[in-house]
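K.L.:
These are the residues of each chain, in order.
Protein chains: 2
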Amino acid sequence: MINLDKAAHLAPIRPGGVIGILGGGQLGRMLSMAAARLGLKTCVYNDENHAPAFQVTPLQLAASYTDRAMLQGFAQICDVITFEFENIPAESIEYLAGLKPVRPGLEALTKTQDRFTEKNFVKELGLATAPFFDVTSAEDARKAFAQLGGPAILKTRRLGYDGKGQAKVASADAAAKAFETFKGAPCILEGFVDFSFEASVVAARGQNGAFAAYDPPENEHENHILRRSTVPGRMSKAQSEEAKAMARKIAEALDYVGVLAVELFVRKDGALLVNEIAPRVHNSGHWTIEACACSQFEQHIRAIAGWPLGDPNRHADAVMENIIGAEVDAWETRAQSGALHLYGKRQPRPGRKMGHVTRLKSKT
Amino acid sequence: MINLDKAAHLAPIRPGGVIGILGGGQLGRMLSMAAARLGLKTCVYNDENHAPAFQVTPLQLAASYTDRAMLQGFAQICDVITFEFENIPAESIEYLAGLKPVRPGLEALTKTQDRFTEKNFVKELGLATAPFFDVTSAEDARKAFAQLGGPAILKTRRLGYDGKGQAKVASADAAAKAFETFKGAPCILEGFVDFSFEASVVAARGQNGAFAAYDPPENEHENHILRRSTVPGRMSKAQSEEAKAMARKIAEALDYVGVLAVELFVRKDGALLVNEIAPRVHNSGHWTIEACACSQFEQHIRAIAGWPLGDPNRHADAVMENIIGAEVDAWETRAQSGALHLYGKRQPRPGRKMGHVTRLKSKT
Numbered sequence: 000m001i002n003l004d005k006a007a008h009l010a011p012i013r014p015g016g017v018i019g020i021l022g023g024g025q026l027g028r029m030l031s032m033a034a035a036r037l038g039l040k041t042c043v044y045n046d047e048n049h050a051p052a053f054q055v056t057p058l059q060l061a062a063s064y065t066d067r068a069m070l071q072g073f074a075q076i077c078d079v080i081t082f083e084f085e086n087i088p089a090e091s092i093e094y095l096a097g098l099k100p101v102r103p104g105l106e107a108l109t110k111t112q113d114r115f116t117e118k119n120f121v122k123e124l125g126l127a128t129a130p131f132f133d134v135t136s137a138e139d140a141r142k143a144f145a146q147l148g149g150p151a152i153l154k155t156r157r158l159g160y161d162g163k164g165q166a167k168v169a170s171a172d173a174a175a176k177a178f179e180t181f182k183g184a185p186c187i188l189e190g191f192v193d194f195s196f197e198a199s200v201v202a203a204r205g206q207n208g209a210f211a212a213y214d215p216p217e218n219e220h221e222n223h224i225l226r227r228s229t230v231p232g233r234m235s236k237a238q239s240e241e242a243k244a245m246a247r248k249i250a251e252a253l254d255y256v257g258v259l260a261v262e263l264f265v266r267k268d269g270a271l272l273v274n275e276i277a278p279r280v281h282n283s284g285h286w287t288i289e290a291c292a293c294s295q296f297e298q299h300i301r302a303i304a305g306w307p308l309g310d311p312n313r314h315a316d317a318v319m320e321n322i323i324g325a326e327v328d329a330w331e332t333r334a335q336s337g338a339l340h341l342y343g344k345r346q347p348r349p350g351r352k353m354g355h356v357t358r359l360k361s362k363t
Numbered sequence: 000m001i002n003l004d005k006a007a008h009l010a011p012i013r014p015g016g017v018i019g020i021l022g023g024g025q026l027g028r029m030l031s032m033a034a035a036r037l038g039l040k041t042c043v044y045n046d047e048n049h050a051p052a053f054q055v056t057p058l059q060l061a062a063s064y065t066d067r068a069m070l071q072g073f074a075q076i077c078d079v080i081t082f083e084f085e086n087i088p089a090e091s092i093e094y095l096a097g098l099k100p101v102r103p104g105l106e107a108l109t110k111t112q113d114r115f116t117e118k119n120f121v122k123e124l125g126l127a128t129a130p131f132f133d134v135t136s137a138e139d140a141r142k143a144f145a146q147l148g149g150p151a152i153l154k155t156r157r158l159g160y161d162g163k164g165q166a167k168v169a170s171a172d173a174a175a176k177a178f179e180t181f182k183g184a185p186c187i188l189e190g191f192v193d194f195s196f197e198a199s200v201v202a203a204r205g206q207n208g209a210f211a212a213y214d215p216p217e218n219e220h221e222n223h224i225l226r227r228s229t230v231p232g233r234m235s236k237a238q239s240e241e242a243k244a245m246a247r248k249i250a251e252a253l254d255y256v257g258v259l260a261v262e263l264f265v266r267k268d269g270a271l272l273v274n275e276i277a278p279r280v281h282n283s284g285h286w287t288i289e290a291c292a293c294s295q296f297e298q299h300i301r302a303i304a305g306w307p308l309g310d311p312n313r314h315a316d317a318v319m320e321n322i323i324g325a326e327v328d329a330w331e332t333r334a335q336s337g338a339l340h341l342y343g344k345r346q347p348r349p350g351r352k353m354g355h356v357t358r359l360k361s362k363t
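Chains as they are written, first to last, in numbering that gives the first Met the number 0: chain A, 0 to 363; chain B, 0 to 363.
Check the hints yourself; a few may be wrong.
Unchecked claim - Covered, in the sense of this in silico footprint (three residues per stretch, anywhere, with C-beta under 8 Å from a C-beta of chain B), are these stretches of chain A: (1) 32 to 38; (2) 53 to 60; (3) 97 to 109.
Claimed, not checked - Residues from chain A that keep clear of chain B, each with C-beta distances beyond 10 Å, as calculated: (4) R13; (5) T135; (6) G354.
Derived from the structure by calculation, the hints contain no laboratory data. Note that CB positions come from ideal geometry on N, CA and C, so glycine has one too.
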């Protein structure tokens, strides 16, 4: 049997070709700008009329992600299609994949849209995760808590981000109650990892199997939202290499094409646990815009366009800090503190990522 | 008497504001992308339907640069207006300046649109230029050649770029004949400078008078078109400082706001001669995108938007090479040789700048 997806190797998309991007947020915006630098056009598809990425390309479609007629028109315009976030309906990706190459493919999306599927996939690769149990009833939640025997986190299997769809629970009763607040949505209960710090590895795999990983930053979160990525962080050289090898294993198992991010817990004993896989460019990779010859955004475009991957080496140390909610009001001060990026969002709502600043230092 | 232009200080343009750019070529394109990074929108005005900069913003107007109704609409959309090339009709700039702030202003444009006016302006500042004479008749051309007494270059006073409107002449007769091929357009005859190398200094002046200059690259031309900018080049530290001081003198005399470039001849005896002033971002400053925290494009946007200037310091050595005409066919090879920029032009005509590549090296 021929695996069609694997066989469908794309000739490199020539300058002037059109990259389709599902999702018009800041990731789509920065992808679009990276594509433009390479002489490629982008068409942005977004389910709201206003989108940060609409400001950087004249080719734009505002429609529901399930509107088949619009998806068809989108596919007609584009030479290759990608997405900026993993909550695009899988059925839409499947439909588009029948019309034009979608990179990364359906498998990467379906394996990572559901936390339970994702964690099982990671386990099967022999990589470590936090202990977890499937929870489809309040009773399941109680039992799982008893098995984990300590503080735990109930997470909806699908559609969670930035701490949404998560609840920390300290008793079996609390776990059962949390399940009910999620209105019966399928969940997992995850054992609490007493980690030393969090980190991530952002890496790319080309169509020809070439692999390129950026140095893994250390990540700090506040209120479940990334606050700061620092590279180098506390990871040892050996841990960095291990993290890159983990990302490679995951990318290869998914026959992945494009950039992906693997979020990690670094335990006090030095072990690396996979927390989450993001089948896309990632907030913890924004520092690569200034600190690397080829940013994560350009790298993703190169990979999905069938171009040679760029050099992921870091020419400087970097600290990237998000600008969240009303912090954006201090944009003038921020403009003096480093390389400022603002995403063109109209309203600074609490918890909304409005921009980021990257500060470079000489490489240590 | 109040100088209105000097008094009209702009409050900083807030994120979400609109920068108007006259001219939709690669400079407008890279200005637009730099503005987007800062959360500013751009509206591009171009006199042809297709333009590189139209690919990176949805706000675009295609109309003649003298169409008053369109210029008025453009001014209405924009918070501040700039231009990517100096051959915009001065009357249009004057008209726009009555509606919205134009940065840099009319004075910078009129002083630099005409080679004779420009060279006199430079001389009056006490800066050196090649010897030159005004030529408005064939007889003038002969006389001027006799005075210069050696090989010389006849240049039309207006609308020249990339060697267009220039002729090297080796006799008084040739000078007179060249004048006639330019159909009686006012010219200057310029003495040939036996320079050691060419260089340029790209610098910015803010609304508040703040000044920031990039390190001056050494520039190599082929067929009158910039081939390569190298930084550091052969300029000594003292010459670099002198070049920056010259740019500052020029910027201050023009009460300039924005980025300007001063092209220089470096004579064998070490003297720096002003060749040309470009009241805009410049091809010899493209390397700043990768080698500096704040590129010339971002710097120009910051200056004209009334933002604090960014840091012009160079964190790496750099070589920028233009991709000219059919050289763009080798885009795949170029994509592996450094940071590739392609401008989205449809046809690779001879002499047309299609893109550039910047290679970084550790700072020496």
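K.L.:
All hints are to be evaluated individually against the structure, with a verdict given for each.
P.N.:
Consistency of the hints with the structure:
no., hint, in the structure
1, 32 to 38, "holds (count 5)"
2, 53 to 60, "holds (count 6)"
3, 97 to 109, "violated (count 0)"
4, R13, "8 Å, violated"
5, T135, "44 Å, holds"
6, G354, "6 Å, violated"
Hint check: violations occur at hints 3, 4 and 6; the rest are consistent with the structure.
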